[in-house]
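**Q** Can you make the complete structure from the sequences, with help from the hints?
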Amino acid sequence: MADIDWESWRKHVDYVVDKRDVWYGIGDGDGNPLFTLPEPINKDTPDQWMESTDLEVTFSARGTDGEINRLTDLLVMSALRDFDPSGKLPTAQGDYMLLVAFPGEDGVVRRGGMITHVEAHDSDNDGVPAEITVHALNIMDVWNTIPAASWPAAWWAAAPYPNEGDESGLMYKTPRLMARIELATRTTFTWKHGPAGFVIRRLAQESLDATMMTQADPGGRRWIDDPYHIVEVPRTDLSPTIDLEAKDGFLWETVAGQAENAGLILGAYLWWPGDKPVRSWSLANSRMSPAQVDISPSQGTSQRREILQTFSHAMIVMTVKEVQ
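Oh and the sequence shown: position 86 is 86 in the UniProt record's numbering, straight run, nothing missing.
Quick caveat, the hints were computed from the structure, so don't treat them as lab data.
Treat each hint with caution, since some may be false.
[Stated by the list, open to error] Derived BS3-like pairs (lysine-lysine); straight-line CA-CA distance at most 27 Å:
#1 Lys-11 with Lys-43
#2 Lys-276 with Lys-19
#3 Lys-173 with Lys-247
#4 Lys-11 with Lys-276
#5 Lys-43 with Lys-19
#6 Lys-321 with Lys-276
**A** Next comes the structure, spelled out in structure tokens:
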């Protein structure tokens, strides 16, 4: 990834938000900005960003000079050969995020989500779209994609290995990296007890760590050694005590009900270098043992300290906040 002038990007986005109340842009799959989008023609985004609803935003496909703009060139023109009668197109090769920024309590807040597909509208019937509608997942979807690990230590011991087919004998076109995971069946492991905010944050962070430990880049580097997600930890936690069971379903379905009952709001935002440091648990890495990764061990003292951290790239920060 080329070096990013984060200071210039922050100034640009803050200026647009100040003048228009909202900024739209395209980022790579990790949330690093690529370019700014024109003002949308139409949008369908959640009023409450803690809702995990999909995003749908329509933009002009052409610039003021009538030529296709950068968004259209990136997401549409390279896939014209794949047009079907519905007008739905797969996105260009590679992962991209729809980025959104708007005013918040402590300055500009960034949201967005991974682009799933686009729809091109050729109202002039000249073979070149006039409008394109971008469909994206909400950044909140991270709560719906990370399993609530019942036994994080078992995930930690699972080493990725190449697999050429599934258990039924169906062969994959290309080998896939797999990892064998043991799931806990004893309530000693699955039940979590304590202040609701702490229990949910701990489960989210340890589940992130466990998931990233099982994943590796093609070169073999574990994702845990260069994470792009982290859980924010407040200085105080006044939430009521709960008992919560983690059975390897997704985080959202595991904690959403308990969070609501405890007066907590689940959230997520996009952090950029230059933003305020994130108060969170110190990062885990692949050289640590399962006992060292445990945020609240049953015996001894945790090596995971609550610290202020900054990062060299964009991060998705998951939050659990008390309703004020």
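**Q** Each of the hints needs a verdict: does it hold here or not?
**A** Here's how the hints hold up against the structure:
Among the hinted pairs, Lys-11 with Lys-43 is consistent with the structure: their alpha-carbon atoms are about 25 Å apart, no more than 27 Å. With a CA separation close to 23 Å, the supplied pair Lys-276 and Lys-19 stays within the 27 Å bound. At roughly 32 Å between alpha-carbon atoms, Lys-173 and Lys-247 are farther apart than 27 Å, so this suggested pair is violated. For a cut-off of 27 Å, the pair hint linking Lys-11 to Lys-276 stands: about 15 Å separates their Cα positions.
As the CA atoms of Lys-43 and Lys-19 are separated by approximately 19 Å, the hinted pair is consistent with the 27 Å bound. The suggested pairing of Lys-321 with Lys-276 holds, with an alpha-carbon distance near 17 Å, which does not exceed 27 Å.
Of the numbered hints listed earlier, the single one contradicted by the structure is hint 3.
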